[in-house]
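Participant: Chains as they are written, first to last, in our numbering: chain A, 51 to 495; chain B, 22 to 206.
Hints are not guaranteed to be accurate.
Residues from chain B that face chain A, not an exhaustive set, calculated with beta carbons under 7 angstroms [what the hints assert, rightly or not]:
(1) T142
(2) R143
(3) E144
(4) L147
(5) A151
(6) R152
(7) N155
(8) S175
(9) E179
(10) P184
(11) T186
No wet-lab data here; the hints were simulated from the structure. These numbers were taken from a predicted model, which means no experiment stands behind them. No residue lacks a Cβ here, since even glycine has one placed at the ideal position from N, Cα and C.
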Amino acid sequence: MIAKSARAKRTLATPLLAMTLALAGGAFAAALPGVAAAQIEIDIDKGAVKPMPVAIPAFAGAQRGADIAQVISGNLERSGLFQPLNVAGVPDKLTDVNIQPRFPDWQGTGAQALINGQVTVGADGSLRVDFRLWDTFSQQQLLGLQFTSTAENWRRVAHKISDAVYERLTGEKGYFDTRVAFVAESGPKLNRVKRLGIMDQDGANPQFITDGSSIVMTPRFSATSQELTYMALRPTGSSIYLLNLQTNRQETVGRFPGMVFAPRFSPDGKKVAFSVEKGGNSDIYVLDLRTRQSTRITTDPAIDTSPSFSPDGSKIVFNSDRGGQAQLYVMNADGSGVRRISYGGGRYTTPVWSPRGDYIAFTKQTGGQFHIGVMRTDGGDERLLTTSYLDEGPTWAPNGRVLMFFRESSAGNPRLWTVDITGRILRPAAYPGAASDPAWSPLLD
Amino acid sequence: MSFDTKSAVRLALIGLAVASVAACTRPKPQGPVETPPAPTQPATPQQPYTPPPAPGPVDQGPLPGTVQDFVVNVGDRVYFDTDSYSVRADAQPVLAGQAQWLARYSAVRVRIEGNADERGTREYNLALGARRANAVREFLIGQGVAASRIETISFGKERPLDPGTTEDAWAKNRNSRTAITEGAR
Chain A
51 MIAKSARAKR TLATPLLAMT LALAGGAFAA ALPGVAAAQI EIDIDKGAVK
101 PMPVAIPAFA GAQRGADIAQ VISGNLERSG LFQPLNVAGV PDKLTDVNIQ
151 PRFPDWQGTG AQALINGQVT VGADGSLRVD FRLWDTFSQQ QLLGLQFTST
201 AENWRRVAHK ISDAVYERLT GEKGYFDTRV AFVAESGPKL NRVKRLGIMD
251 QDGANPQFIT DGSSIVMTPR FSATSQELTY MALRPTGSSI YLLNLQTNRQ
301 ETVGRFPGMV FAPRFSPDGK KVAFSVEKGG NSDIYVLDLR TRQSTRITTD
351 PAIDTSPSFS PDGSKIVFNS DRGGQAQLYV MNADGSGVRR ISYGGGRYTT
401 PVWSPRGDYI AFTKQTGGQF HIGVMRTDGG DERLLTTSYL DEGPTWAPNG
451 RVLMFFRESS AGNPRLWTVD ITGRILRPAA YPGAASDPAW SPLLD
Chain B
22 MSFDTKSAVR LALIGLAVAS VAACTRPKPQ GPVETPPAPT QPATPQQPYT
72 PPPAPGPVDQ GPLPGTVQDF VVNVGDRVYF DTDSYSVRAD AQPVLAGQAQ
122 WLARYSAVRV RIEGNADERG TREYNLALGA RRANAVREFL IGQGVAASRI
172 ETISFGKERP LDPGTTEDAW AKNRNSRTAI TEGAR
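Build the full structure now, drawing on both the sequences and the hints.
Facilitator: Here is the structure:
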């Protein structure tokens, strides 16, 4: 277990999660990619018309085993690609993860895949979770992994297992071991209270970071650290904050003569782009966080806002009404080479560059409705994924295949939703309260 | 402000008051602290500021120079067309009235708050609200109000007046409010 001991030396603010391949006898060979191609897989770019039936019985090992299976089940179900079956009545109880399942029992449920596991609590209270992913019909092991962690970290273990299963069966990285920053809303529409919130992507462990005394908006994660940037609005002016989630230290990006808004980190976390308004004109600035020098990179008298860096940091997409109404433009990160990329009817705003670099998601208004859509980075292949009274503010899951956004009905009451890039898998996110402005974190360490 | 200029302003206002009274029969507000109902059609033109008559035993209107006086007798809001920040024709007399009132009460400072309806995205609407606030600021400066007395802010779509989801409600929410921050009586 060399990998394990090597990982134990890392210092992380979050409790340690170690992952090792479980060398489970001869079955392991089947887990190596290329040795035996997966008999079952999902092409997520086709938006799985019918979700794959999977069996996720409670892991052996007391209550925690059942809890972990439930979290995995919830993650996979919400992705829309999997249909966890009720398998409580299956005779095979899988009490030992090192013994092969009785496949006919599982084939009888219709499950194409089986996830089973075992939880062991060490003398020091540490948690060890072994799990296996099986193809129930070919009777082959597709994955065998072991995680060790502190006991209170069991949900993250469940998310890591979910990510491993998702990746093995879809060929795409998972996005379950992530968090979402958002704005929790309360109170009447005419006097809405907005607090900055953060939660696990499945809605667990919600925390509220601001007290609601100012209107907070548009949080964004750094791709490289546990840091958020967001804006706060008070009657006396607006501020952009940088908040370190590990130390709780907060600072502003400095003072500007007018409004400041729409902050986002550069992919390396070393800069923040945002809009500064002066005399009614909003332009995009980039602040170098080390030198504290800010550079104005757009000078058009139009509204220039909602900047979003490409994942290599070389370009910025933004929206501008310089052509008469709001459209999307791409420029080099120094402001040169501006070109328009959206040409459809309607107004395009809130562009966000996919962390994979292949798409730009946006909000579009047309025909009295709002849509979340995606297009190629040159503006081609535009697809609208949603339609409602108000859909706004997409944010990418780190795998670049799922978006979260908020939807507000005409009655108010904004909620978080997710949609995949095919538009076929649209569903409410797992947070039960009124919320807006979601921002998906990168995968956690 | 010197005594002489003050008198001149007063004289001008009296002249204007006479003209307005002759021109229209707008009823004096009755309620002691009621703000005017938001207009169902923001296009309703308002008259330039008419200073209320000297307080007498019968008059229940707001005292001159108070925030109430400004809100009730001048009007603190003007309205905009969709995705536009042009000062509309019906807004111009209201803003001219604001400028006159501000000339009369020279210690008053204002913050112009730009607002947008909910039919736009959050950040774009912050920028649009800022444009509206600035358009009103420029208008007031053009009417002689010192730039140093005016600050602006945008609330984007965050502070609607009307919670409705009809065109009427959105029309009310596309506005600029001139808020008195200090110097009122």
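Participant: Okay, which hints does this one fail, numbers in order?
Facilitator: none
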